[in-house]
Amino acid sequence: MRPHQKTLVDLGAGHCKFSLLAARRLGYTVTAVDGRRERVPAELGSVRFVQADVREFDPCGFGVVAILGLLYHLEIVDQERLLRRSANGVPVIVETQVHVPEMISPESARPWHVPVERDGYQGVIFPENNNPMASIGNATSFWHTEASIIRLFARSGFRRVVLIDPLFSSAYGARRFYLLTS
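Residue numbers (my numbering): 136 to 317.
If you are wondering where the hints come from, they were derived from the structure by calculation, not from laboratory data. Possibly wrong hints are sitting among the right ones.
[As the list claims (entries may be wrong)] Label pairs and their calculated CB-CB ranges: (1) Asp193 <-> Ser240: 37 to 45 angstroms; (2) Leu156 <-> Arg216: 26 to 34 angstroms; (3) Pro236 <-> Ala177: 35 to 43 angstroms; (4) Leu161 <-> Ser240: 30 to 38 angstroms.
Treat the numbers as computed from the prediction; the structure is a model and nothing was measured. Glycine residues also receive a C-beta, built at the ideal position from the N, C-alpha and C atoms.
Kindly produce the complete structure, drawing on both the sequences and the hints.
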């Protein structure tokens, strides 16, 4: 799938590593958006940085929308709103935590790993805490199971979801890349 224009918005860009990669190696015109500046490198080259709350930023007008390591830092209502705004006919790349109980080692298990159902979705409620890699303004976030996140994508307006294998591990459990088209 090729975007109709070689522009990319990196929502929740944080350290801007993905933004820099897309600009330097892939030749994209990149806008990096994050609510904080703490992790933004001093040298961004051609990458334009916008300090803004991703829950309010409009991703329309870009050829590709990247939501990498962000979605799982939001509550369900904010996940839905962000995805609906992003479902505007361009490719959307999502990388996120996915709750897969089998991928959580017994020594890594935490009280928040207990699955719950909320608003028709299944997953776990994660305590965000106040650090530069956490969300802004919400004490908890929602980490979907794989079936639940696929339902979230469909309800948000995406007709096609490509799961990028393999699932991979983080300190908290499973993560996966998805390619979405509306």
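Taking the hints in turn, this is what the structure says about them:
no.	hint	result
1	Asp193 <-> Ser240: 37 to 45 angstroms	holds (40 angstroms)
2	Leu156 <-> Arg216: 26 to 34 angstroms	holds (27 angstroms)
3	Pro236 <-> Ala177: 35 to 43 angstroms	holds (41 angstroms)
4	Leu161 <-> Ser240: 30 to 38 angstroms	holds (35 angstroms)
Comparing the model with each earlier hint shows no violations; every hint is respected.
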